[in-house]
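Participant: Sequence:
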Amino acid sequence: MLFSAFLQFHNSSVLLCPRDLHANRLDGAIPPELGKLGSLLELRLSNNRLTGTIPASNDSNMESTNSNDQIGLCQLSQLTDIDLSYNFLVGDIPTCLKQIQRSSLVGNCFQDNDTSNRPLQQCEINQDTGKDNHTDENEQKGLPEPLWLLILEVIAAVSFLCLLTLCTITGLRRCRARSSGSGNSAPWTRAVSWKEKTVISIDDDLLVNVPKISRQELAEACEDFSNIIGSSHETVVYKGTLKDGREIAVVSLSISVHYWNEYVELYFQKEVIEMARLSHENVAKLVGYCKESEPFSRMLVFQYPPNGTLYEHLHDGEGWQLSWPRRMKLALAIARALRYLHTELQPPFAAAALTSSSIYLTEDYSPKIIDFERWRYLVSKPGLGSVNGGSVNSITDSRHKRFMDVQANAFAFGVILLELISGRASVSKDTGDLVDWAMKHLEHPEEFSKLVDERLQRQSVNQESLGIVCNVVNLCIDPEPSRRPSMSMIAAILEEGIEASAATLMRDSSLAWAEAELAIS
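According to the UniProt record's numbering, the residues represented by the sequence shown are 1 to 521, in order.
Please keep in mind that the hints were generated in silico from the structure rather than gathered at the bench.
The beta-carbon is built from N, C-alpha and C at its ideal position, and this holds for glycine as well.
A few of these clues could be false.
Subject to a maximum C-alpha distance of 25 Å in a straight line, what follows is the list of computed SDA-like cross-link-like pairs (lysine to any residue) [stated by the list, open to error]:
| no. | residue 1 | residue 2 |
| --- | --- | --- |
| 1 | Lys-36 | His-22 |
| 2 | Lys-243 | Phe-296 |
| 3 | Lys-285 | Gln-346 |
| 4 | Lys-212 | Glu-262 |
| 5 | Lys-285 | Leu-242 |
| 6 | Lys-285 | Ile-213 |
| 7 | Lys-450 | Leu-332 |
| 8 | Lys-429 | Ala-408 |
| 9 | Lys-285 | Ser-486 |
| 10 | Lys-239 | Glu-292 |
| 11 | Lys-212 | Glu-271 |
| 12 | Lys-291 | Glu-265 |
| 13 | Lys-239 | Ser-366 |
| 14 | Lys-285 | Ser-297 |
| 15 | Lys-212 | Val-257 |
| 16 | Lys-36 | Leu-76 |
| 17 | Lys-291 | Glu-220 |
| 18 | Lys-429 | Ile-229 |
| 19 | Lys-243 | Asn-227 |
Distance windows between CB atoms, simulated [stated by the list, open to error]:
| no. | residue 1 | residue 2 | range |
| --- | --- | --- | --- |
| 20 | Leu-41 | Glu-247 | 42 to 52 Å |
| 21 | Ile-151 | Pro-347 | 40 to 50 Å |
| 22 | Ser-482 | Phe-160 | 36 to 46 Å |
| 23 | Ile-125 | Thr-165 | 36 to 46 Å |
Generate coordinates for the entire structure from the input sequences, incorporating the hints supplied.
Facilitator: Here is the structure:
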């Protein structure tokens, strides 16, 4: 048990522990003495063979009631980042760790059904092995430890510390060399060669609950990948129809096998798991994924709403089809979808690029959010802000940033509301930036009507709902992100205001009632 031996080598007053111990082939239980590292900010123990339960606090077994004597991970008040994924940990997840990302706990043997655990067979085999090792330890318990073994342990611990110090110094020198810009060699080339020395265990069984679709089946569905509906430096999006008649959008990651390594594969698997957990009527469902070696393929398959994007309907000459009641219905549905992603999911999920182009419409004009741009963080090419050449920490940090970037989604929703009201694009060569143009009218309630799409002037635009939406826009586009309200609050404001104004509209005009009924149905 290398982990325990390493910690036992130090006395409790000078306890040391590297913050990043992932993929070090550590086994045994997590020592509760880690709770004494009060200034520890991050702890990465992923991709090892750690067993047992997560030590929370064992102060109940101690005579002292002083809080300083308590040990366990729950005592680490300054700990902000922890990753225990891909081990063999069992039991319940401590309450103090309930709020961390689920992706940091996947690949274990917890009793918590909300976490993506290892297959039961793997857990049972590891537990049997652990029992045998425990029996051997009990048989030897009480026997004095040979002097030569004690010396060997001390030498091993000292050697480990020397190696760790050498690696730290080497890393600092490389960072200084990069910042000085010396030499013409590409930093990402050196980083890749460093990572090839580390073995990361990739467990394909973690995706067992997500349908896997063959490349051949997708090629047939997408007319031999000729039906392209979108592309970028990072992805190509195809449209197709499966044999069962379902229309699909296939996102193919534009990356060659030369740049694909264990870290990126692990990231890909975690992202598939995150996308598969989304289940809302206004969020496009992940149908499955494709993973093949010949030819190298990594693809995501989503359900495809057949009625185009909200951007196309608003800005490509079809805006007349979107009446005011229908636009209000779209605003409500998108707000409810974001409320689900931000507050009903734990941990929260934020769209990487929320725009009117990422909102697709069904035949009855029901919106579906599809996060195609999410994968640009994964497959950015070296030299363009790539994560391929960086460390696994940069990948984890980018995932964490996108999970918590809900304030940016609130701003994007405010822009979408402006597009629904005005019929203008967010950025245009003719009119410039939509937010800048709208601000001069949003500051004066009597000028709200000047924001309304000219194609709606002849229709009955409910002034009450217009005022409510404009007030919500003001909240969403606040320059200070911390002052923007949550999507839960925004959705509640829209639900109460728009539904009340719709009821008034139906009482005042039978024609308007018929129009609203048609839009809401």
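Participant: Hints first: check each against the structure and report whether it holds.
Facilitator: Structure-based check of all given hints:
1. For the hint linking Lys-36 to His-22, the alpha-carbon distance of about 20 Å falls within 25 Å, and the restraint holds.
2. Using a Cα cut-off of 25 Å, the hinted pair Lys-243 and Phe-296 holds, with the two alpha carbons roughly 24 Å apart.
3. Our distance criterion of 25 Å between C-alpha atoms is met by Lys-285 and Gln-346, whose separation comes to about 18 Å.
4. For the suggested pair Lys-212 and Glu-262, the alpha carbons sit about 20 Å apart, so the restraint of at most 25 Å is met.
5. About 15 Å separates the Cα atoms of Lys-285 and Leu-242, which keeps this hinted pair within 25 Å; it holds.
6. Taking the CA atoms of Lys-285 and Ile-213, the gap is near 15 Å; set against the 25 Å cutoff, the hint holds.
7. A distance of roughly 22 Å separates the Cα atoms of Lys-450 and Leu-332; the hinted pair therefore holds under the 25 Å criterion.
8. Between the alpha carbons of Lys-429 and Ala-408 the distance comes to roughly 24 Å, so the proposed pair stays at or under 25 Å and holds.
9. Between the alpha carbons of Lys-285 and Ser-486 the distance comes to roughly 24 Å, so the proposed pair stays at or under 25 Å and holds.
10. Restraint check: the Cα-Cα separation between Lys-239 and Glu-292 comes to about 20 Å, which is no more than 25 Å; the hinted pair holds.
11. Simply put, Lys-212 and Glu-271 have alpha-carbon atoms about 15 Å apart, close enough for the 25 Å limit, and the pair holds.
12. The straight-line distance between the Cα atoms of Lys-291 and Glu-265 is roughly 10 Å, inside the 25 Å bound, and the hint therefore holds.
13. Distance hint between Lys-239 and Ser-366 is fulfilled; the C-alpha atoms sit about 19 Å from each other, no more than 25 Å.
14. Between the alpha carbons of Lys-285 and Ser-297 the distance comes to roughly 21 Å, so the proposed pair stays at or under 25 Å and holds.
15. Using a Cα cut-off of 25 Å, the hinted pair Lys-212 and Val-257 holds, with the two alpha carbons roughly 20 Å apart.
16. A distance of roughly 8 Å separates the Cα atoms of Lys-36 and Leu-76; the hinted pair therefore holds under the 25 Å criterion.
17. Pair hint Lys-291 plus Glu-220 holds up; C-alpha atoms about 16 Å apart against a cutoff of 25 Å.
18. Under the criterion of a C-alpha separation no larger than 25 Å, the hint pairing Lys-429 with Ile-229 is consistent with the structure, at around 24 Å.
19. With a C-alpha separation of about 16 Å, the suggested pair Lys-243 and Asn-227 falls inside the 25 Å cut-off, and the hint holds.
20. For Leu-41 and Glu-247, the Cβ-Cβ distance of about 47 Å falls inside the hinted range of 42 to 52 Å, so the restraint holds.
21. At roughly 47 Å, the beta-carbon separation of Ile-151 and Pro-347 lies within the given 40 to 50 Å, and the hint holds.
22. Roughly 43 Å separates the CB atoms of Ser-482 and Phe-160, a value that falls within the hinted 36 to 46 Å.
23. Against the hinted window of 36 to 46 Å, the Cβ-Cβ separation of Ile-125 and Thr-165 comes to about 37 Å, which satisfies the hint.
In this structure, every one of the numbered hints holds.
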